[in-house]
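Asker: Sequence:
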Amino acid sequence: MSALPQIKPSSIEQVNVLANGFSKVSANQKEIVKIFNQKAGMVMQGMCKFEQDFEYLYPLFRGLSEAGKPASLNLRFSSSEKSVYFHYPLSSQIEVSLFFSQLILHLQNEVKFKKVLKEVIVNRNQFKSEQFLLQNAMMDSAVN
Numbered sequence: 001m002s003a004l005p006q007i008k009p010s011s012i013e014q015v016n017v018l019a020n021g022f023s024k025v026s027a028n029q030k031e032i033v034k035i036f037n038q039k040a041g042m043v044m045q046g047m048c049k050f051e052q053d054f055e056y057l058y059p060l061f062r063g064l065s066e067a068g069k070p071a072s073l074n075l076r077f078s079s080s081e082k083s084v085y086f087h088y089p090l091s092s093q094i095e096v097s098l099f100f101s102q103l104i105l106h107l108q109n110e111v112k113f114k115k116v117l118k119e120v121i122v123n124r125n126q127f128k129s130e131q132f133l134l135q136n137a138m139m140d141s142a143v144n
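In the working numbering, the protein residues as written are 1 to 144.
Hints in this document: simulated from the structure, not taken from any laboratory. Quick caveat: nothing in here was measured; it's all calculated off a predicted structure. One or more hints might be untrue.
Label-pair ranges, simulated between beta-carbon atoms [stated by the list, open to error]:
#  : residue 1 : residue 2 : range
1  : Q131      : Y85       : 47 to 53 Å
2  : Q45       : V120      : 40 to 46 Å
3  : Y85       : V116      : 20 to 26 Å
4  : E66       : K30       : 21 to 27 Å
5  : D140      : K118      : 32 to 38 Å
6  : K39       : S80       : 24 to 30 Å
7  : M138      : A67       : 49 to 55 Å
8  : V122      : Q52       : 49 to 55 Å
9  : Q38       : R62       : 36 to 42 Å
10 : S92       : F132      : 56 to 62 Å
11 : N136      : K30       : 38 to 44 Å
12 : L60       : L134      : 36 to 42 Å
13 : S129      : S91       : 58 to 64 Å
14 : N123      : S79       : 40 to 46 Å
Note that beta-carbon positions come from the ideal geometry of N, C-alpha and C, so glycine has one too.
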């Protein structure tokens, strides 16, 4: 059983995310991770490389992938490169593609959540600043 919630693919493209050799994953119109892969005999092998601004997602990717990866998927993590190397038998293509699709969806949602959270925090800080200025202005007028 996977630690990731079961998500049905919304399109055949999502299932075949690893089938075409190269994929770019984006959120908020920015690339998060690039996935490269190639067929080598009866095995697919490849790597996931996080973009510089999204390297902070590497530990989340690692934790989620270790918690719910298919048994046929072998992962090797490179913390210094913020990359993940993988290989799996061709017979596991659909299972592994679904797993990566779920994982990538979680990463995209995390990026979107952090963007919204940042906006909420900025708005809250602006409100507090305005409230402080208003209180000071009212105190000054009450004293005069």
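Asker: For each hint, tell me whether it holds in the structure or not.
Answerer: These are the hints, each one checked on the structure:
no.	hint	verdict
1	Q131 / Y85: 47 to 53 Å	holds, 51 Å
2	Q45 / V120: 40 to 46 Å	holds, 42 Å
3	Y85 / V116: 20 to 26 Å	violated, 32 Å
4	E66 / K30: 21 to 27 Å	holds, 26 Å
5	D140 / K118: 32 to 38 Å	holds, 33 Å
6	K39 / S80: 24 to 30 Å	holds, 28 Å
7	M138 / A67: 49 to 55 Å	holds, 53 Å
8	V122 / Q52: 49 to 55 Å	violated, 23 Å
9	Q38 / R62: 36 to 42 Å	violated, 23 Å
10	S92 / F132: 56 to 62 Å	holds, 58 Å
11	N136 / K30: 38 to 44 Å	holds, 39 Å
12	L60 / L134: 36 to 42 Å	holds, 40 Å
13	S129 / S91: 58 to 64 Å	holds, 59 Å
14	N123 / S79: 40 to 46 Å	violated, 35 Å
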